[in-house]
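From first to last, the protein sequence lines are chains X and D. For the first sequence, this note's numbering gives the first residue as 1, with consecutive numbering after it. For the second sequence, this note's numbering gives the first residue as 1, with consecutive numbering after it.
Any given hint could turn out to be false.
[Stated by the list, open to error] The calculated DSSO-like cross-link candidates involving lysine-lysine, where the alpha carbons are at most 30 Å apart (straight line), are:
#1 D/K282 <-> X/K637
#2 X/K235 <-> X/K728
#3 X/K378 <-> X/K207
#4 X/K383 <-> X/K618
#5 X/K370 <-> D/K283
#6 X/K370 <-> D/K240
#7 D/K169 <-> X/K370
#8 X/K236 <-> X/K258
#9 X/K633 <-> X/K750
#10 X/K633 <-> D/K27
#11 X/K760 <-> X/K136
#12 X/K378 <-> X/K89
#13 X/K481 <-> D/K226
#14 X/K637 <-> D/K27
#15 D/K240 <-> X/K481
#16 D/K283 <-> X/K637
#17 D/K27 <-> X/K750
#18 X/K370 <-> X/K304
#19 X/K760 <-> D/K226
#20 D/K104 <-> X/K606
#21 X/K47 <-> X/K236
#22 X/K47 <-> X/K637
#23 D/K283 <-> X/K323
#24 X/K760 <-> D/K72
#25 D/K169 <-> X/K760
#26 X/K760 <-> D/K27
#27 X/K84 <-> X/K136
#28 D/K226 <-> X/K596
#29 X/K370 <-> D/K298
Worth flagging that the hints you see were computed from the coordinates, not collected in a lab.
Listed below, chain by chain, are the residues.
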Amino acid sequence: MRFFILLPLLFLIQPSFSQVLTKVTINGYVKDAANGEALIGATVYVKSLGDGAVTNEYGFYSITLAPGQYEISYSYVGFVTQLKIIEVKENLRQDIELAAEAGQLEEVVVTGELEQANAQNTEMSTNKIDIRTILKVPSFFGEADVLRSLQLMPGVSTVGEGASGFNVRGGNVGQNLVLLDEAPVYNTSHLFGFFSVFNPDAVKDVKLYKGAIPSRYGGRLASLLDVRMKEGNSKKFEATGGIGTVFSRLAIEAPIVKDKASFIVAARRSYIDVVARPFTDIFDDGAALNFYDLTLKTNYNINKKNRIYLSGYFGRDVFLFDKRQGFNWGNATTSFRWNHLYSDKLFSNVTMLFSKYDYKLQFGETDLDKFTWNSSIKNFILKPEFTWFLNSQNEVTFGGEAIYYTFEPANAVGVTNGVTSDISVPQRYNLEMSAFMGNNQRITDALSVDYGLRFSHFRYLGPGESYVFNDTVPGLRRTLKETTTYERGETIASYSNLQPRASFKWQVTPVNSIKGSYNRMVQYLHLISNTTASNPLDVWTPTTNNIKPELADQFTLGYFSDIGAKRMWEASVEVYYRQTQNQIDYIDGADLLINKLIEGVLLGGKGRAYGAEFYLQKKTGRLNGWVSYTLAKTELKVNGINHFEWYPTRFDQRHNLKVAAFYDLSKRWSVSGNFILTTGTPTTFPTSRYVVQNILIPLNAFDSRNNVRIPAYHRLDISFKLEGRETKKGKPRKNHDYWMFSVYNVYGRKNPFSIYFSQKDERVPMGLSPDSQATQLAIVGTVIPSISYNFKF
Amino acid sequence: MKFTLPFIFLIALLMSCETIINPELEKTEPVLVVDAWLNSQPKSQNIKLMQTQPYFDNGLPPGVSSATVSVKNETDSRIFIFNEEATTGNYSWTPSSATDSLGKTGDVFTLTITSGSDTYTANSVLGRVPSIDSITFTFEPASGFLPDYYYAEFWANEPIGSGDAYWIKAWRNDTLLAKPSEMNIAYDAGFTESGNIDGVTFIAPIRQGISPFDTDDDGQLISPYKVGDSVYVEIHSLSKAAFNFLFEVQIQTDRPGGFAELFAAPLANVHTNITNTNPSGKKAVGFFNIGMISRNGKRLIE
C-alpha cells in the first residue's frame, strides 16, 4: 500500500559520526501528580548538554545521550520544576509526576534557566492556550469558551457573534482542521455561533497551528486546531461542574485501577427551556430549545509499552417548534487509540475512529403535508503514526492516514396532500489516503530545522453520478450537458498531491530567535456557504471531477524575543503570505441547498492573504496578560465575480487588536478584562434602485462585490472571580469553588454585524413606489451581565 | 428561507438591535429598467420603461419616453406594437376584439425595445397554468405566542411534466399582497428546480403563501384573514428564466432582519433577460415574461 512507499526514504537520513559511540536513551511519561493527566509539551532539559526534548500529545519524551551522570530538569508552565540527578548506564525508563504550583498570588516565578527554554519549540506560528487561561477570560453569558479565547490570539478573527467557526490568517471557516482527540469536527459551534462544542471541564490542552503545520497533519489549508481532552483522574475521584447563565455542567472522573486506568464523563446542557417551562406554555406542544454535549473517555495502561484509549463525543443542538417540526444538528465521534513503544526509541500511536456530522430538518403539521431533510457526513479513519527518536539530533516522524468519507447532501422527502416525492440528492463516496515523513533536526546549537513531506491521494468513488456542464459566460448558472453513472468501487476522479513542509529556527542569542517556514497544504473537502455568516446548514462538498482540490502555499517569517531578567515578557513579530488556488465561490443567486447540480453554480478562483502579527505578553506577576495586533488582508479573484478583479472576502478585517489582562486583587478576588477592536469588515452596497412589478430591487451598477467596509467593531468585557473560602471552621474545604461575575460588552456598543438594504415594511398602495431603507444590524446590541457558580471536589 | 420565520418568533431574545441608517452611496449613471410582464388575457397589456434611481431616492421612478416597443409572437409571426401613453414610460397595446390576445400556450415571444441609440431584446415562452380547484380557510386556536387566527390556502394540482414555474399572487380585500416576504413562486409543485416536486398538489407552504402574516406594533400576529374578508388568487405562469429571476429577487428583497441575517445572502445583482444587441453597449435591468393566468376567489363567512 502507498503508505510504505515512503519508508525506504528513511535510510537517507545520515546518522552523525557520534553514533559510533554507544548511546543510551532515557524516556518516559510526564504527568500531573494531582490527577495523572499526561502533560503535553512539558520540557525535559539536560543542562550539561544544553539540549532536551518536549513531551508529545501523550506526554511521552525520549532523549538519547552518552552514558554518564546528568542533571535533568522536568518543567511545565504552572508546575514546580523537578530536578533529577540520574546516572545513565543503559536505556532507562523515567516517568515523572510534576506538582502544580501552589499559592494564589502569582509572584514572579522563576521559569528556569535561559538556555532551557530555548530547547523548546522549533514551532512557530502556534498559539497554545492553557485551559486555566480559558477559564479566566471574560466570556459570553459567563460561559468559558475555547473558541472565544482563541479569538484573542493574533491572526484569529470572526465575522461577528452568531457566526459559527473562526477565521485564521484570512482563511475561511472551512479551512481550519479542528481535531478533538484526533477526530475531525465539522461544526464547532452550538447555537449557530454563540458557543463552541468543547466543554471546558473536559479540555486539557488547546493548540492552534497557524502555519508551519507538521507533515503528520493535512486536509485543510489555513490552520490546525488540536484540542485534547482530559483522560480522567487516575488518582482519585473528582467532580467538576457549574451552573452558568446558559449551561449547567458536570464532569466526573475517577480511576478504575489507580494509576493504571481511569475514565471521565463530562456533560453539559443548556437549561433555558427547563427554567422557562413553568412560566410559559410555548414548550407544552413539544417545542424544545436546547443544546448539549457529552464526552466519555476511558484509558488503560496495559503495561510499560502499551496504553489504550477509548473515547466518544456526542453533541447536539435541538430546535423544535412543536413535536413535529424543527431542526437539530450535531457532531458525534468514537475513537480508539493505541500507544505502543516498539523500542526505547520508537513510539507509535494508531488511531481508529468514526465521526459523523449531521443535521435534520422537518416541517409539516400533518402526515399529509410534510417535509423532512437529513444531511450527513460520515468518516471512517485509520491513522498509524510513528515517532523515531533516532538520536539527539534527529526526531523522525512517519506514518499514514486513510479516510473513507460518505456524504449524504440531502436525504429529502416531501409529502404534499398525501403524495410523496423523494427529492434526495445522491450520496457521494470518497477515499483519502496519505503518507508522511518528517524530521526535526538540530543542525547546530543555534539552528534547528523541521522538514517533511506529505503525499496525499484522493479518490471520488462510485456508486454515484458524475456531471459535465456546458460552458457559459462566467457568472451564469451552467447547464447540465451529460450525466455518467458509476458502479460501486469505480473511480470517478482522482487526484494526488505532494505537500512539502519545512521550517527553521535560528537562535540568534539565548533570548532571541528567528523562525521561518514554508508549507504546501491541500484540501479535498470544501465548505460552501452563500450567507453572510457560516451556519449549520452550510454544505460540505467533496472534490469531484468538477471541483478541484484547494491548494495553498504559505510562507512565514518571524522574530521572537524573551525580554527581561527573568524572561517575564515575550514579544514576537511574524509576517505571513499565503496564496491559494481553486478557491470556491458561487454565482449571484446560487441555489446551494438540496441541489444535486450544485457544481453548476460554483466558481473557482485564486486567493491571497498576507499580514503581520505583533504580540507582546507579560507572563508572570500579579498583573499579566497580552496585547496582540494583526494587520492583514485577504482577497479572492474569481472569473465571474467583480469583473475578474481582486475583491476582499467577507472576513477581510484590516486591523485586529486584542488586549487581555488579568489582575489578582487579593487572595480571593481577581479581575480579568479583554478589549477587542476589528476594523474594515467588507460588505456590498447598492448604488441604485428600480421597481419591477411593485417590488423594490437594489442594483450595484458597477457589479462589484464587497465594495464597502462596515463600521468598526469594538468591545470590552470584564469579569470578576471570587474564589471560595479555603477553610471552613478551621478545616480545609474539599470543594474548590468559585463565582464568576461577567459583563460582556461593558459599554453596550451596538457592534454592526451587517448592513442590509430593503424596502420599508408597509403595504404600498397601488400606483406608488415602495420606500427604500438601509438597516444596520447588531447581533448583540446591549450589555450582557452574567453569573456562574463553579465547583470542583 | 421561509422556514426561518417561525423560528424567529421562538428565539425572542432581546439582544439584537437594528438602526436605520443613511450611508453615502457611490454615484452612477441611471440604467434603463424594463418592467414587461405580459399575459395572454384579452385585455390591454402594459410595459413600463423607467430609469434606475439613486438607492435612497423615494418616489416614482422617472419614465423613459420616445422609445419604440414591440412584441413579436415568433410562433404565429404576429407583431404587437406598444404605444406610449400619456404617463411617461408607459407603453400599452390594446386588443382589437374581445377574443384577441397575444398568443396561446407554448408560443415563443420576443420583446424589442429601441431607446436612444440602443436596441434591447428579450425572449419568453408562454407556459401553462393549472386551474385553482378551490380555496379553503382554516381556523387555528391560540397557542404559545400566537392568538386565534384564520389562514387561507388554495388547492391546485400541478400538471405532470417538470419544467413549469408559477407566480402565485393574492389579494386580500382588493389589496395585492406585494411585500417581499409574500412573494410566492413555485417551480413545478415545490420551491426549486433542484428539489423537484412535480405533478402533485402544490406543497403546503406555497398553498398557504396566500395568507399574509403581519404583526402589529406590539409584535403580535394579526390574523391573516378575518370573518368577512375575501381572498382572490391568480396563478401566473413563468418561463424558467423568469422563475430564476424572481428566486434571486426574493433572496435580495426578503430581509426580515434580526437573527435571520445570520442566514441571509449578501447583496448581489439579480440577473436579467433584457440584452443589448450590441454586447458592449449599455446594460439594462428588469425582466420580460409572458404568462397564462388562472384565478379563483373566496370570502370567509362565519
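Structure-based check of all given hints:
Note on D/K282 and X/K637: the hinted pairing holds, with a Cα-Cα distance of about 25 Å set against a maximum of 30 Å. The suggested pairing of X/K235 with X/K728 holds, with an alpha-carbon distance near 25 Å, which does not exceed 30 Å. The hinted pair formed by X/K378 and X/K207 meets the criterion: a straight-line CA distance of about 25 Å does not exceed 30 Å. For the hint pairing X/K383 with X/K618, the CA-to-CA distance comes to about 39 Å; that exceeds 30 Å, so the pair is violated.
Of the pairs offered as hints, the one joining X/K370 and D/K283 is violated, with about 43 Å between alpha carbons and a cut-off of 30 Å exceeded. Note on X/K370 and D/K240: the hinted pairing holds, with a Cα-Cα distance of about 26 Å set against a maximum of 30 Å. Between the alpha carbons of D/K169 and X/K370 the distance comes to roughly 23 Å, so the proposed pair stays at or under 30 Å and holds. Only pairs whose Cα atoms come within 30 Å are accepted, and X/K236 paired with X/K258 is accepted, the gap being roughly 8 Å.
Distance check on the hinted pair: X/K633 and X/K750 sit about 25 Å apart at the alpha-carbon level, within 30 Å; holds. For the hint linking X/K633 to D/K27, the alpha-carbon distance of about 27 Å falls within 30 Å, and the restraint holds. Between X/K760 and X/K136 the CA atoms are separated by roughly 45 Å; this puts the pair beyond 30 Å, and the hint is violated. With a C-alpha separation of about 51 Å, the suggested pair X/K378 and X/K89 falls outside the 30 Å cut-off, and the hint is violated.
For the given pair, X/K481 sits about 51 Å from D/K226 by alpha-carbon distance, which is inconsistent with the 30 Å threshold. Proximity of X/K637 to D/K27 is assessed by CA-CA distance (about 25 Å); at most 30 Å being required, the pair is judged to hold. About 17 Å separates the Cα atoms of D/K240 and X/K481, which keeps this hinted pair within 30 Å; it holds. Using a Cα cut-off of 30 Å, the hinted pair D/K283 and X/K637 holds, with the two alpha carbons roughly 23 Å apart.
Using a Cα cut-off of 30 Å, the hinted pair D/K27 and X/K750 holds, with the two alpha carbons roughly 28 Å apart. The straight-line distance between the Cα atoms of X/K370 and X/K304 is roughly 58 Å, outside the 30 Å bound, and the hint therefore fails. Simply put, X/K760 and D/K226 have alpha-carbon atoms about 25 Å apart, close enough for the 30 Å limit, and the pair holds. Only pairs whose Cα atoms come within 30 Å are accepted, and D/K104 paired with X/K606 is rejected, the gap being roughly 49 Å.
A hinted pair counts as satisfied when its Cα atoms are at most 30 Å apart, and X/K47 with X/K236 does not qualify at roughly 35 Å. Distance hint between X/K47 and X/K637 is unfulfilled; the C-alpha atoms sit about 53 Å from each other, more than 30 Å. Restraint check for D/K283 and X/K323: not satisfied, since their Cα atoms lie roughly 51 Å apart, outside the 30 Å limit. Our distance criterion of 30 Å between C-alpha atoms is broken by X/K760 and D/K72, whose separation comes to about 38 Å.
For the given pair, D/K169 sits about 20 Å from X/K760 by alpha-carbon distance, which is consistent with the 30 Å threshold. In summary, the hint linking X/K760 to D/K27 is supported, as the alpha carbons are separated by about 22 Å, within the 30 Å threshold. Between the alpha carbons of X/K84 and X/K136 the distance comes to roughly 33 Å, so the proposed pair goes past 30 Å and is violated. Restraint check for D/K226 and X/K596: the C-alpha separation of about 42 Å exceeds 30 Å, so the hint is violated.
Of the supplied pair hints, the one linking X/K370 and D/K298 holds, its CA atoms being roughly 26 Å apart against a limit of 30 Å.
Violation of the numbered hints given earlier is confined to hints 4, 5, 11, 12, 13, 18, 20, 21, 22, 23, 24, 27 and 28; the remaining hints are satisfied by the structure.
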